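Here the protein sequences come in this chain order: U, L and D. Sequential numbering from 1 applies to the first sequence in the working numbering. Sequential numbering from 1 applies to the second sequence in the working numbering. Sequential numbering from 1 applies to the third sequence in the working numbering.
Honestly, I wouldn't trust all of these hints.
One copy or two, it doesn't matter: identical chains are merged, so the pair holds either way.
Taking lysine-lysine pairs in the BS3-like style, the calculated list, with each CA pair at most 25 Å apart, reads [as the list claims (entries may be wrong)]: (1) 46 to 25; (2) 272 to 25; (3) 287 to 46; (4) 287 to 170; (5) 272 to 287.
The set of hints was computed from the structure by calculation and includes no laboratory data. All values reported here derive from a predicted model rather than from experimental measurement.
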Amino acid sequence: MSRVATLMNARPGALSFLANSRYRKHLPATQATAVLLAPGDAESCKVAALIDPNPYLAYAHIAALMHPQNPDAPGIHPSAVVADGAHISASAYIGPNAVVEREAHLGDRVVLGPGCTIGAGARVGADTRLHARVSLLAGVQIGERCIFHPGVVVGADGFGFAQDAGTWVKVPQVGGVRIGNDVEIGANTTIDRGAIDDTVIEDGVKLDNQIQVGHNVSIGAHTAIAGCTGISGSTSIGRRCMIGGMVGIAGHLSIADDVVVTGFSLVSASIKQSGSYSSGIPVEETKAWRRAVAHLRRSGNKE
Amino acid sequence: MSRVATLMNARPGALSFLANSRYRKHLPATQATAVLLAPGDAESCKVAALIDPNPYLAYAHIAALMHPQNPDAPGIHPSAVVADGAHISASAYIGPNAVVEREAHLGDRVVLGPGCTIGAGARVGADTRLHARVSLLAGVQIGERCIFHPGVVVGADGFGFAQDAGTWVKVPQVGGVRIGNDVEIGANTTIDRGAIDDTVIEDGVKLDNQIQVGHNVSIGAHTAIAGCTGISGSTSIGRRCMIGGMVGIAGHLSIADDVVVTGFSLVSASIKQSGSYSSGIPVEETKAWRRAVAHLRRSGNKE
Amino acid sequence: MSRVATLMNARPGALSFLANSRYRKHLPATQATAVLLAPGDAESCKVAALIDPNPYLAYAHIAALMHPQNPDAPGIHPSAVVADGAHISASAYIGPNAVVEREAHLGDRVVLGPGCTIGAGARVGADTRLHARVSLLAGVQIGERCIFHPGVVVGADGFGFAQDAGTWVKVPQVGGVRIGNDVEIGANTTIDRGAIDDTVIEDGVKLDNQIQVGHNVSIGAHTAIAGCTGISGSTSIGRRCMIGGMVGIAGHLSIADDVVVTGFSLVSASIKQSGSYSSGIPVEETKAWRRAVAHLRRSGNKE
Chain U
1 MSRVATLMNA
11 RPGALSFLAN
21 SRYRKHLPAT
31 QATAVLLAPG
41 DAESCKVAAL
51 IDPNPYLAYA
61 HIAALMHPQN
71 PDAPGIHPSA
81 VVADGAHISA
91 SAYIGPNAVV
101 EREAHLGDRV
111 VLGPGCTIGA
121 GARVGADTRL
131 HARVSLLAGV
141 QIGERCIFHP
151 GVVVGADGFG
161 FAQDAGTWVK
171 VPQVGGVRIG
181 NDVEIGANTT
191 IDRGAIDDTV
201 IEDGVKLDNQ
211 IQVGHNVSIG
221 AHTAIAGCTG
231 ISGSTSIGRR
241 CMIGGMVGIA
251 GHLSIADDVV
261 VTGFSLVSAS
271 IKQSGSYSSG
281 IPVEETKAWR
291 RAVAHLRRSG
301 NKE
Chain L
1 MSRVATLMNA
11 RPGALSFLAN
21 SRYRKHLPAT
31 QATAVLLAPG
41 DAESCKVAAL
51 IDPNPYLAYA
61 HIAALMHPQN
71 PDAPGIHPSA
81 VVADGAHISA
91 SAYIGPNAVV
101 EREAHLGDRV
111 VLGPGCTIGA
121 GARVGADTRL
131 HARVSLLAGV
141 QIGERCIFHP
151 GVVVGADGFG
161 FAQDAGTWVK
171 VPQVGGVRIG
181 NDVEIGANTT
191 IDRGAIDDTV
201 IEDGVKLDNQ
211 IQVGHNVSIG
221 AHTAIAGCTG
231 ISGSTSIGRR
241 CMIGGMVGIA
251 GHLSIADDVV
261 VTGFSLVSAS
271 IKQSGSYSSG
281 IPVEETKAWR
291 RAVAHLRRSG
301 NKE
Chain D
1 MSRVATLMNA
11 RPGALSFLAN
21 SRYRKHLPAT
31 QATAVLLAPG
41 DAESCKVAAL
51 IDPNPYLAYA
61 HIAALMHPQN
71 PDAPGIHPSA
81 VVADGAHISA
91 SAYIGPNAVV
101 EREAHLGDRV
111 VLGPGCTIGA
121 GARVGADTRL
131 HARVSLLAGV
141 QIGERCIFHP
151 GVVVGADGFG
161 FAQDAGTWVK
171 VPQVGGVRIG
181 NDVEIGANTT
191 IDRGAIDDTV
201 IEDGVKLDNQ
211 IQVGHNVSIG
221 AHTAIAGCTG
231 ISGSTSIGRR
241 CMIGGMVGIA
251 GHLSIADDVV
261 VTGFSLVSAS
271 IKQSGSYSSG
281 IPVEETKAWR
291 RAVAHLRRSG
301 NKE
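Take these sequences, add in the hints, and give me the full structure.
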């Protein structure tokens with residue numbers, strides 16, 4: 001087998017998989033040469049079945065073998081700008097028009113895509129890859145084997161202002177950002193530096209695109225968060241949580257380990273017990289919805 | 001007439017238009033030299049009336065004539081970095097500090113703004129303009145006459161991970177992105193590459209700023225989506241839909257043609273019929289709102 | 001004292017502060033050398049108390065003194081691309097790989113971070129700092145002492161299209177953007193140019209990360225807006241408002257001065273009186289929530 005394919009679009013020579021029951025209907029007619037699937041699905045498979053209790057995980061491993069990433073030849077592209085006093089491993093690759101400021105440290109086999117900007121004193125661990133146009137601000141610390149997608153910004157100032165007679169006075173943001181190993185961060189996600197202490201992202205955290213992480217947030221190991229979610233400052237999220245897309249999480253909260261929050265929910269108080277939490281309301285026809293909102297509003301006004 | 005103006009701020013010499021009834025009150029006193037308007041509004045117009053059944057469309061065409069875009073002189077700015085083996089039309093313009101990787105194809109009269117990054121093998125059709133700092137990842141395909149605003153990222157990895165005993169294993173994202181003709185994409189919008197098959201944006205789609213499009217999404221021709229909306233992976237949206245701002249759309253859904261979703265709504269199940277759908281709740285005073293929420297919560301707990 | 005610290009993590013030699021009652025419990029045991037606090041908290045303070053009625057404001061001023069920003073030496077980095085006819089103050093600093101187009105004006109002590117792109121005719125006032133990869137489009141006007149964080153885009157086209165028999169025709173966006181003095185804008189926030197008149201951000205406005213500001217919006221002086229909020233076109237927001245995170249604000253509205261909107265709310269009608277407004281619903285356990293939604297839906301259907 002030379003490639004991977006979905007059950008529906010597979011042609012002979014392709015490896016496919018069945019991991020989501022929505023797609024079970026495509027199994028009987030698939031033209032894949034072989035299908036990774038769970039034991040219970042083997043009977044419906046008319047082609048070679050590769051049985052695994054976690055077929056999606058098996059697929060992840062096999063697909064990585066079938067699609068090896070070309071290693072980048074080490075070196076610094078002549079158009080990159082590297083300040084005196086930056087420490088760059090001889091095995092690192094610095095892409096075109098990247099900028100590395102003074103005292104930055106880039107570890108072994110680090111890859112910087114085109115247009116990345118690495119602030120003074122920032123540190124990037126071995127085997128981490130920053131795709132195009134990622135910005136790390138001064139002093140940010142990144143672990144090993146991380147992947148940051150284009151447009152990520154780590155270490156910009158948090159949103160801190162003090163009131164002074166109707167105007168705002170900036171509160172210096174003097175903390176840093178520490179990101180562990182094996183963290184993946186999606187395109188255009190932003191992670192602010194701490195106001196005083198650091199913002200912390202632990203090992204194995206996976207963040208989707210366009211997530212906003214406020215200053216002094218901490219996110220526990222192996223938590224995964226879907227796109228467009230926003231986390232306000234000083235909130236602490238536990239380990240192995242799964243947070244849906246477009247969730248809003250208020251500041252100064254504590255969320256326990258193993259919490260699930262479904263998409264489009266608002267978390268405005270701490271969550272002390274693991275479990276699944278929601279507040280999203282699915283659409284209905286606009287006319288019926290307007291009646292429901294009117295009812296809800298009356299119920300609040302009459303009490 | 002030498003310029004366009006709003007009804008309220010127009011001075012003699014300006015062309016204005018009336019297309020939204022909210023602004024009808026400004027018609028009688030406008031100082032515009034002429035006003036594009038629908039037949040029913042002609043009577044209230046004290047200046048020259050240019051009558052058209054679709055005055056906003058007429059305005060769009062006339063404003064484009066009055067504000068022609070300066071064509072960019074073809075050429076490659078000396079600070080741009082173009083890899084050997086990239087195919088660039090002699091009529092294209094490559095701006096300062098742009099980066100074009102190997103085997104990329106840029107068609108006739110393509111314009112790349114400053115700081116764009118074009119991945120290996122990406123293809124951009126004729127007359128497409130990428131403003132500053134747009135990133136296309138490897139292999140992405142873009143049609144003709146498209147406009148992408150600054151910070152757009154097309155073709156970053158989708159959010160795909162398999163569970164392995166409490167940790168996450170990356171699922172290689174080996175699909176691509178195919179974008180049709182006449183597509184406009186707003187600033188800092190992100191469109192992920194497919195996991196296996198491609199993410200597809202059909203002809204004439206208009207996406208506003210800061211929209212997130214997950215892997216393997218398809219968006220049908222001439223659909224328009226307002227800012228900050230997020231679309232989870234593998235969802236299919238029909239043709240000519242109008243999706244409001246800050247809408248959350250879950251994954252693996254199918255939305256019919258000609259569906260309207262009003263802003264700040266959650267779509268968590270497929271929509272099989274055209275029509276208008278909503279779940280946003282407008283604000284009221286915080287105290288009254290808290291009572292309504294308490295009532296809603298009790299209603300759920302007591303049943 | 002040589003540094004600032006939180007009450008909980010302070011060591012001798014550090015200055016701390018108490019401004020949020022959530023953290024009062026850490027006051028008795030703090031190891032800070034001195035603590036800024038309000039008169040009512042002095043009694044619980046076992047170390048030196050610096051008493052101020054607004055301790056957070058006092059902290060902001062003192063922290064700025066203790067963490068002075070290194071002034072950038074003036075000059076234009078040799079890798080920057082500056083067009084003929086750009087006007088750059090001799091005291092400005094233009095970072096690596098920045099691009100400044102023709103007729104742009106950069107005032108005294110302006111700092112452009114690496115990879116910024118400044119469009120033709122854009123103007124930036126004295127002492128304004130653009131961090132890495134900020135893009136100003138043609139003709140945008142920025143005041144003095146502003147701070148823009150990485151990835152900000154100001155002046156991209158607004159989302160304006162006219163319907164033509166099921167397809168969309170682009171409406172030229174010929175207005176500009178005017179931003180006052182002392183404005184701070186967070187990472188990856190986008191502010192569109194006006195359709196005809198300008199988009200306007202008044203003095204002292206503070207915008208967090210990933211905010212979307214549509215065309216022809218105006219935001220009154222000293223208004224602060226938290227992350228991920230979206231403001232649709234032609235809406236006018238008053239002075240000194242405080243808008244929470246992930247708020248959706250529809251277009252063509254008017255919001256009075258001194259309005260507070262709590263996070264995750266939808267504003268779909270004008271707000272004529274100052275006060276606090278909400279429509280966010282906090283999460284509860286998913287099972288209970290589903291019952292509440294079912295109840296709400298029935299209430300709409302039966303009326």
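Taking the hints in turn, this is what the structure says about them:
1. When the C-alpha separation of residue 46 and residue 25 is checked against a cutoff of 25 Å, the pair qualifies only within one copy, where the shortest distance is 13 Å, while the shortest distance between copies is 65 Å.
2. Taking the shortest alpha-carbon separations for residue 272 and residue 25, only the inter-copy value of 19 Å comes in at or below 25 Å, while the best intra-copy value is 40 Å.
3. For the identical chains of this complex, residue 287 and residue 46 are neighbours neither inside a copy (48 Å) nor across copies (39 Å), given an alpha-carbon limit of 25 Å.
4. In this assembly of identical chains, residue 287 and residue 170 lie within 25 Å of each other by CA distance neither inside one copy nor across copies; the values are 46 Å within and 31 Å between.
5. Only between protomers do residue 272 and residue 287 lie at most 25 Å apart by alpha-carbon distance; the minimum there is 17 Å, versus 38 Å within a single protomer.
Of the numbered hints listed earlier, those contradicted by the structure are 3, 4.
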